[in-house]
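Sequence order for the protein chains is Z and D. The first sequence maps to residues 0 to 284 in numbering that gives the first Met the number 0. The second sequence maps to residues 0 to 300 in numbering that gives the first Met the number 0.
Careful, some of the hints might be misleading.
SDA-like cross-link-like pairs, simulated, lysine to any residue; straight-line CA separation at most 20 Å [claimed, not checked]:
#: 1; chain 1: Z; residue 1: Lys-200; chain 2: Z; residue 2: Arg-116
#: 2; chain 1: Z; residue 1: Lys-199; chain 2: Z; residue 2: Thr-176
#: 3; chain 1: Z; residue 1: Lys-271; chain 2: D; residue 2: Asp-248
#: 4; chain 1: Z; residue 1: Lys-239; chain 2: D; residue 2: Asp-264
#: 5; chain 1: D; residue 1: Lys-233; chain 2: Z; residue 2: Asp-32
#: 6; chain 1: Z; residue 1: Lys-277; chain 2: D; residue 2: Thr-271
#: 7; chain 1: Z; residue 1: Lys-98; chain 2: D; residue 2: Thr-241
#: 8; chain 1: Z; residue 1: Lys-212; chain 2: Z; residue 2: Lys-239
#: 9; chain 1: Z; residue 1: Lys-157; chain 2: Z; residue 2: Met-215
#: 10; chain 1: Z; residue 1: Lys-25; chain 2: Z; residue 2: His-264
#: 11; chain 1: D; residue 1: Lys-233; chain 2: D; residue 2: Arg-106
#: 12; chain 1: D; residue 1: Lys-233; chain 2: Z; residue 2: Gln-282
#: 13; chain 1: Z; residue 1: Lys-97; chain 2: D; residue 2: Ala-263
#: 14; chain 1: Z; residue 1: Lys-62; chain 2: Z; residue 2: Phe-30
#: 15; chain 1: Z; residue 1: Lys-268; chain 2: D; residue 2: Ala-263
One-sided and incomplete, this derived list gives chain Z residues near chain D with beta-carbon spacing under 10 Å [said to hold, decoys possible]:
#: 16; residue: Lys-97
#: 17; residue: Lys-98
#: 18; residue: Gln-282
Computed footprint of chain D on chain Z; a stretch qualifies when at least three of its residues, placed anywhere within it, have a C-beta under 8 Å from a C-beta of chain D [unchecked claim]:
#: 19; stretch: 28-34
#: 20; stretch: 169-179
#: 21; stretch: 273-281
Just so you know, the hints here were simulated from the structure itself, not pulled from any lab data. Model, not experiment: these values are computed from the prediction. Even for Gly, the Cβ is constructed at its ideal location relative to N, Cα and C.
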Amino acid sequence: MMTQTAQAPKLADDKFRTIRDLIYEKSGMYFGDGKKYLMESRLARRLVARGLKTYDEYYYFLKYDPKRAEEINRLFDEITINETSFFRNPPQLEAFGKKILPGIVADKEKSGARNLRIWSAGCSSGEEPYTLGIYILEALKFSLPKWKVEIHASDLSKEILQKAKNGVYGDNALRNTAPSYQSRYFVQVNGMYAIRDEVKKLVRFQQINLTDKVKMRSMRGMDVIFCRNVLIYFDMESKKQVIAHFYDNLNPGGYLFIGHSESLHGVSKAFKLVHFPKAMVYQKA
Amino acid sequence: MRQVTKASIERISDLPMLPDLAAEVMAMVSDPTSSMADIRDLIERDPALTAKLLKVANSALFGMRRRIGTIQLALVVLGMNEVSSIVTSLSVFTAFCDMPDDEFFDRKRFWEHSAGCGGIARILSKRLGLKMEGREFVAGLMHDVGRILIDQYFHGEFVQIAARVQGGDGSMRDAEKEFLGVSHDEMGGWLADRWGLPDALIEAVACHHEPGRAEVDRPLTAVVHLADLFCRAKGIGFSGETEGFSIVDDEAWKLLAEDHPNLADMDIERFTFELDEEIEKAMEFIRISTSQPDACGEEMP
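Make the full structure from the sequences, and use the hints.
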């Protein structure tokens, strides 16, 4: 019997797992069994868009259709829906702010090389690099003037970079930001939140295509690179190249963060996988 | 100091004890002259235990396609050793369940960590093709019971240890050794010994922080050690430890890799993601174990 139009077809457990495994194989992004319901509604929208009736048909589309590469990107757009905000994924940021950053700072205090170079690759509208800036200000506190801090933030899109440079956000972008940080690092203007200059001046924005070898070679001496939920859009060959560049871009012992449900298994063996509570990070040996 | 602590443990009259039935099942399973029917009759003497055992056997932990409706069928399908392990696991809860919570010790979190460790040990041993027959689950469940003993019988020291660790001053084990002359792993081993558990289990509890010391069943201890680490990675650790670690650099991983070269190709990231489901299965075990009022005052949320 036909039901009303908006009703999504039911996604059986085994179908979910087949599609999940295909996504993991193609993108390195993993969806646990707990994500089935979320996936169901989002996959259903893609079925409608492609005029398909069953998840089986959709699976074959993803696997064999000439337009499969384009479709998988549409699917990721649907899955990730640009859910960018300040302090996104707290466990990763805890690992960065409470463990990794203090470790790097302590090592550099010892060696006397007081500089920090962080790269937010695929920075979108700027929430991530500014969040990292806040962590750095919190870690360095009064010793900040003794340090040279550079947060490089890059994206492919010029428009989004302009928005990032403006540094003005609505409520939604600050939904994970503690009230004490809101008042310390933002100024309220006409119901919007503008990031304060002390954070803003740490960040340098530039347009970079991660497959541009010349540009990639120019990014050297990084202590930490964040590239979250970006690599899922690359095919395996380009992904391998980007990761190889990141490896070269990092200082020995430097860290690479990718999306919290992404994996580099099968992409690179150069990094060491380091587990923190609820966060996996890659370290250059 | 270690001897003094051991002597005081030995003098404690109300030490949690393994229920007689669990000890009898364990003895019968290792006795070649006893039959499957003997074991079935013994378990069925306790209807509450029988009911829970069947619930566990039919839970996601075992993922059986067919329903297991009788102890007889459980013994046939899962095997005598696995059934004995379930009885022991359920008994661990019975032994400890009436111990009260206190402000320094979150019992709910403790058992989530312990059962989570058991569940992870279980899936890890399966992936490696190790036939541990549920011993890894019991060992995971029991690996930290020494912490309960410290809280219960050396509470003054426990508070001092907790304060030391909270102040970020060294590891919990070092603090335990300083205040008691013995750490929770060794103390847990004493209890496992007192309960008459097999040597491999005593060792896994006693050596879970130093798997290289294991001699009886090194893979079992190594699996429990790694499961404990994965608990930390999944945010259900209980040591207060939050430093990053590399699983492939870990001593236990290297010990296992000597006999299992395929470990080098394991997709550790995916394994870590998948643990969410294993932990959920282990939580179901807690719910079953604590589900009846006659076993443990109230149901865990």
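To see whether the hints hold, each was checked on the structure:
With a C-alpha separation of about 14 Å, the suggested pairing of Lys-200 of chain Z with Arg-116 of chain Z holds against the 20 Å cut-off. Distance hint between Lys-199 of chain Z and Thr-176 of chain Z is fulfilled; the C-alpha atoms sit about 17 Å from each other, no more than 20 Å. This hinted pair checks out: Lys-271 of chain Z and Asp-248 of chain D have alpha carbons roughly 9 Å apart, not beyond 20 Å. Distance restraint check for Lys-239 of chain Z and Asp-264 of chain D: the Cα-Cα separation of roughly 18 Å lies within the 20 Å cut-off, and the hinted pair is therefore satisfied.
Distance restraint check for Lys-233 of chain D and Asp-32 of chain Z: the Cα-Cα separation of roughly 16 Å lies within the 20 Å cut-off, and the hinted pair is therefore satisfied. For the hint pairing Lys-277 of chain Z with Thr-271 of chain D, the CA-to-CA distance comes to about 9 Å; that is within 20 Å, so the pair holds. Restraint check for Lys-98 of chain Z and Thr-241 of chain D: satisfied, since their Cα atoms lie roughly 8 Å apart, inside the 20 Å limit. This hinted pair checks out: Lys-212 of chain Z and Lys-239 of chain Z have alpha carbons roughly 13 Å apart, not beyond 20 Å.
A threshold of 20 Å between alpha carbons decides the hint, and for Lys-157 of chain Z with Met-215 of chain Z the separation of about 18 Å falls inside it, so the pair holds. Restraint check for Lys-25 of chain Z and His-264 of chain Z: the C-alpha separation of about 11 Å stays at or below 20 Å, so the hint holds. For a cut-off of 20 Å, the pair hint linking Lys-233 of chain D to Arg-106 of chain D stands: about 18 Å separates their Cα positions. For the suggested pair Lys-233 of chain D and Gln-282 of chain Z, the alpha carbons sit about 19 Å apart, so the restraint of at most 20 Å is met.
Proposed proximity of Lys-97 of chain Z and Ala-263 of chain D is contradicted: the alpha carbons are some 30 Å apart, above 20 Å. Between Lys-62 of chain Z and Phe-30 of chain Z the alpha-carbon distance is near 18 Å, which keeps this suggested pair within the 20 Å criterion. Between the alpha carbons of Lys-268 of chain Z and Ala-263 of chain D the distance comes to roughly 11 Å, so the proposed pair stays at or under 20 Å and holds. A least Cβ separation of about 7 Å between Lys-97 of chain Z and chain D falls short of the 10 Å threshold, and the interface hint therefore holds.
Nearest Cβ of chain D to the Cβ of Lys-98 of chain Z: about 6 Å, under the 10 Å cut. The hint holds. The interface hint given for Gln-282 of chain Z is met, as the beta carbon of that residue sits about 8 Å from the closest beta carbon of chain D, less than 10 Å. A count of 4 residues in the stretch 28-34 of chain Z with a Cβ less than 8 Å from any Cβ of chain D is obtained; the coverage claim is therefore met, three being the minimum. With 0 residues having a Cβ less than 8 Å from any Cβ of chain D, the stretch 169-179 of chain Z misses the three-residue criterion, and the hint is violated.
Check result for the stretch 273-281 of chain Z against chain D: holds, 7 residues qualifying (beta carbon to beta carbon below 8 Å, three or more required).
Hints 13, 20, counting from the list given before, are not met by this structure.
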